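Asks: Given next are the chains, with one letter for each unit.
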Amino acid sequence: MIDFGLLLSMLAVVGVPSLVERWWPLRTGIHSSYTDLVILPVVVGLLVGRLVNVAFDAPGSFGRIGDLLIIRSGVDFWPGALVAVALVAWGGRADGVGVVARLADLAPLALIGYAVYEGCCLFRDGCYGPAGSIGLRPPGVATTMFPVGLAVAVVVVAVAVAVRALARRADDPPARDGARAEDSADEDGAGADDRVDVGGIEGPRAMLVVVAAVAGVATVRAVASIWLPHVGEGLTRPHLTSIAVAVLSAPVLAWLAVQTRRDRAQLTFAASEGPTD
Amino acid sequence: MSRRLLVAAGVVLAIAAAVISLREPTLPTFEPTGQAQQLPAEGEFVGLSVEEFSGVLVGQEGRPVVVNIWASWCGPCRAEMPLLQAAAASYEDEAVILGIAANDDPDAARAFLDDLGITYPNGFDSTGEIHDVLDVRAFPTTYVFGADGTLRAQVNGGISEQRLAGLIDDALR
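Protein chains in written order, with our numbering: chain A, 1 to 277; chain B, 1001 to 1173.
Covered stretches of chain A, going by a simulated chain B footprint (3 or more residues, C-beta under 8 Å):
{"hint": "1", "segment": "11-19"}
{"hint": "2", "segment": "54-64"}
{"hint": "3", "segment": "228-240"}
If you're looking for bench data, these hints aren't it; they were derived computationally from the structure.
Remember, it's a predicted structure, so these values are computed and weren't measured experimentally.
For glycine and all other residues, C-beta sits at the position ideal for the given N, C-alpha and C.
Whenever a hint applies, use it, and build me the whole structure from the sequences.
Replies: Take a look at the structure:
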C-alpha cells in the first residue's frame, strides 16, 4: 500500500525549497541546485534514520527489507539528519567548496524543507497535540486537537528567515571587505571583486549559521514534543535526543556568537585600514 | 519544456496524493452485539467466528478496545506490532488491544506472534467473516471502539505512535 501522505510530503520537501531558491540563491552551488545537492543525502538520511529506529524498537525486523522500508513506522530524526549533513559536507568537499560554507549556504533552504515536512503532517499521522477548543478535528477523533505540526512548521520558517538573515549579516560588506582586504594584501593581479565567489561565508561565521540552524530545530522539536501524544510514561527517545542536541548546541552557539562578533570588529578595522604593501 | 512537464506532473501528483491522503474512510456499520465473552488469554491463539468476536467486544464494554487486523505475510503489520505491545503494557486496564489475524494460515500467524514475543490478546478470523463485517481493505487496519462499544475510528495501513495514542486518549476522555 503506497503511503500517499509520505509521498506528498517528500515531493513538497524537495519542491518548495527549490522554489524558494529563486529568492534565496545558493552561493556555493554554482553548477548545482538545492535539489541536486540534497536529494541523495535526504534519501540516505531517511534510510539511516529508519535503520536506527528499527535497531531500537524492532530489532527483529533486521534482515527483512520490506520491514526496513516502511518509513511510516518510524524514523529517528537526528541520526538521519547527521548522516544527511555528513553527505552534504562530503559533497561540498568533492566540489572543492568549504565544507562548513556549503552547510551554511544550504541551511536556510534546508530549514524551509523541514518546515514543509512538518506542515505536511496533515497528510500523514503525527500532527495533533492536546485536545482543546482551538484546532482541527483529525479523522476518527470526536474533539478538536491543536495541530502541533503546523505550529512547528510556522516556527521553523521563522528560524529559517532568522538563519538566512544571520548568513547575510555574516556576509555583509564590512565583514566581507575586511576579509578580502586581508586576503588582497597577499595577492597580485586579480582584484578581490573579480573573483568568482563560490565559497560564501566561511570559518566561524559559517559555523555560527550552521549551529544556529541545528539549535533552532532542536529547540523547536524539544518544545513541540511536550504536546505530542505518545504511548507510555516519560519522555520518548526522539524527545530526549532533541533536548540533548539543544542543550549541547546552546553553549557552542553562544561561543561562536562571541567569536564572530570579535572577528567582525577586527575585520571592520582591517577594512577601514585598507590593503598594505 | 521537459522541465515544465516535470513540474506539472509533480503538481498533479501532489494534488492527487493530497486528495487521497485527506480522504476519511467511511466507517463500517458493524455494532457489537450478543453474549459477552472473555478476551483470549495470554499465549492463547484461538479461532474466532464473527459472533464470538462480537461477544468479546461486548465483554469489554466500559473501556475502549483497539482491534488490529493483521497477517503474518504483511510487513507493515510486523513493523507496528511492537508499538501495539507497548500500548497494551502502557494502557493496561484502561484500554484493550486485541489483534485479529485474517487471510492467513493459523500456524504461520501463531509462529509470527511467537517470533515477535507478542503477549496481548490475539485471535484468528477462522471464517473470514470478521474481515468482511469490518470491511478490511488494507493490511494492517486498526479500529478503535469506544467504551460504549461504538466504532469510533478506522486507520487503514500502518499506524503511528502519535495517532494510536491520540485515538486511545480521545476514546478515554
